[in-house]
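*Asks:* Chains as they are written, first to last, in the numbering used here: chain P, 5 to 184; chain V, 674 to 848.
Because the hints were derived from the structure by calculation, they are not lab data.
These numbers come from a predicted model, not from an experiment.
Possibly wrong hints are sitting among the right ones.
[To be verified] In silico contact screen, one side only, chain P against chain V (beta carbon under 10 Å); selected entries:
| no. | residue |
| --- | --- |
| 1 | F24 |
| 2 | A43 |
| 3 | V52 |
| 4 | F84 |
[Stated by the list, open to error] Cβ-Cβ distance ranges computed for the label pairs, FRET-style:
| no. | chain 1 | residue 1 | chain 2 | residue 2 | range |
| --- | --- | --- | --- | --- | --- |
| 5 | V | P677 | P | L172 | 24 to 30 Å |
| 6 | V | T710 | P | A91 | 17 to 23 Å |
| 7 | V | V711 | P | F88 | 30 to 36 Å |
| 8 | P | F81 | V | S676 | 44 to 50 Å |
| 9 | V | G701 | P | F88 | 27 to 33 Å |
| 10 | P | E180 | V | S679 | 16 to 22 Å |
We treat Cβ as the ideally placed atom computed from N, Cα and C, and that holds for glycine.
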Amino acid sequence: MSSEALWALGRGNGIVALGFMTLSVALGIATRSGRPLFALPRFGVADVHRFVALAATLLVALHMGLLFMDPYAKLRFIDFVVPFLGAYRPLWQGLGTVGFDLLAVVILTSLLRQRLGLRIFRAVHWTTYLLWPIALAHALGNGTDTGRIWFLGFAGACALVVGVALVLRLRSNFTEYADA
Amino acid sequence: MDSPRSGFRRAAVASWALAGIGVAGVAGVSALTYADTVKPAGAQAPAAGDPSTLESIPPAPPVVALPVPVAADLPAPAVAPLPVAAAYTPPPAYTPPPAYAPAPADTPPPAYAPAPAYTPPPAVVQQSVPVWAPAAGSQSSGGGSSSSSTKRRGSTGSVSGGNKFTPPHTTSKGS
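Same shape as in the complex, but just chain V (with noise of 0.2 Å):
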């Protein structure tokens, strides 16, 4: 009974035995401890002699008591007669939606035409008013018209032939 592997049996056993509460006991601690890391707020009690969270709840209102109406007084409830099962009436015919019409086509936009090349504006030619020459031989009497008196002249005393005109003289900046 007493011999020494009846004693190393017994050391085992206790051994194993404490291993075993061991392996339990981590288990429930860390399932306690889990339970209060995961644990919402809102579901912790309150303590029971804290005087601020007792003094913080607001009272209960007052429970009003309904009259229960007695089964007597009521009314009888008018019982509605069952309609009468009507004619039976066919639904609607089916109507097909109408065909499907295709859009129409898409029209291309028109296509864009250049605007057309500026022709400038034709130049204008002043033509010198014609000099009228007398005839040779004529001559008006009591005319008194020389021919210096129908010539125009310049500012410099030149005889011109006309106006020194420019036509405008376009040039296109581009566009």
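Isolated chain P, as found in the complex (with noise of 0.2 Å):
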């Protein structure tokens, strides 16, 4: 596989994982007011929320994955965990970074609920308000498709859902039973 693929495979890989989690932030919104969701009972809204963080979570692995064996990128082992030490625009990288660790707690917290409890499962979900605008700003900051207006296009929607969601969310008629 050419270098341009590589390149081109793990951007592809890293914008879809991006539309992930905002799904995955917007179902986990819906999942927490109880309600269902069009044809979605409430256990299904939040077994696709489980499905849809995991499979955000491989792609943010394939991303990873393939712009390490990309020449051109020049990842090394140490960025994946560090933030900021990167060689191109270490502030944008660092910021993908960051978000990786936080991405890692955030799943692993949640693989452990049963053994952690409810309560730091909950504190460390919280984090996850901030998991993804450092997501939107590490693709439009380190991306190179930024000035694209299909990109520009779909980092507007992606905005446009967790928008919509965090409205629902802070309405005080969240939750199913909140009038009861």
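Two chains, two separate frames, one set of hints: put the complex together.
*Replies:* This is how it looks when you write it as structure tokens:
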């Protein structure tokens, strides 16, 4: 596989991972409301949220692995864990590293939810509200497609979905039995 | 209809549908980014509102309309008569190339003849002038010459028998 193909595939995985993270945030907020969503029952919403979150994690792993093999990006193993050490746009790449660290913690605490307890799980899960804007900033600052109209439209759509979900989350009657 | 089994089924369908959308999205976005990567620089059209690029383009030259000749004014093209088939001339007979003449045998260069050995010139032997010895008892009258006057003397006064000439000594210094 050529270097250009690796580079393009890595970027494609990262962009789709941002979309899946957006969907996961929206489905997580919908799960927290306790209401059915379209044709999905409550537990179905939680199930799809979990699936989409794991798919987003897989896409992020593919994004990092493909860019690690690409000779143009020049990623090192330490760049996956320690932020702001990269050679190419260290600030924006470091934001991606911070987002990956947060994602790893959120996924681990979600998988160990039964052992850690609901309190720790919920406290760590609140960091996803920080994870999503970090991922968006990483995509906008480190990506080479930020000038393209299709990417700006995609990023705007992601921001709109999360914004609408946040507005719904902040409403007083957000939960199903809030009025009860 | 709203049984838990149907709910799980819907959730599974929605999940795998999203997975398919994700795979298609990865393929599509990767194709878009790959096209952006390998697109040549000259293929990108300039921005519509960029005045710098618009001013740099020279205006197109005016189109000069060439007069179209009317078909009636044109003289009829002279139709050349078809050439009559000429008498068949057979192609020249094949002449085989001359037989291969082998090149003369390579004559080796003459063998190296060593230079003749150096033969020194014969040594010049200078013979002394024979001393005239008068006969015993014969006296020359009035000659007055004595033997002492005929003997050559050296600078030291000694009588020498001839020149002390040594032949030229040639020493070969090697080649």
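*Asks:* Compare the structure with each hint and give your call.
*Replies:* Hints and how they fare:
{"no.": "1", "hint": "F24", "result": "holds (6 Å)"}
{"no.": "2", "hint": "A43", "result": "holds (6 Å)"}
{"no.": "3", "hint": "V52", "result": "holds (5 Å)"}
{"no.": "4", "hint": "F84", "result": "violated (20 Å)"}
{"no.": "5", "hint": "V:P677 - P:L172: 24 to 30 Å", "result": "holds (26 Å)"}
{"no.": "6", "hint": "V:T710 - P:A91: 17 to 23 Å", "result": "holds (20 Å)"}
{"no.": "7", "hint": "V:V711 - P:F88: 30 to 36 Å", "result": "holds (31 Å)"}
{"no.": "8", "hint": "P:F81 - V:S676: 44 to 50 Å", "result": "holds (49 Å)"}
{"no.": "9", "hint": "V:G701 - P:F88: 27 to 33 Å", "result": "holds (32 Å)"}
{"no.": "10", "hint": "P:E180 - V:S679: 16 to 22 Å", "result": "holds (20 Å)"}
The earlier numbered hint that this structure contradicts is number 4, and it is the only one.
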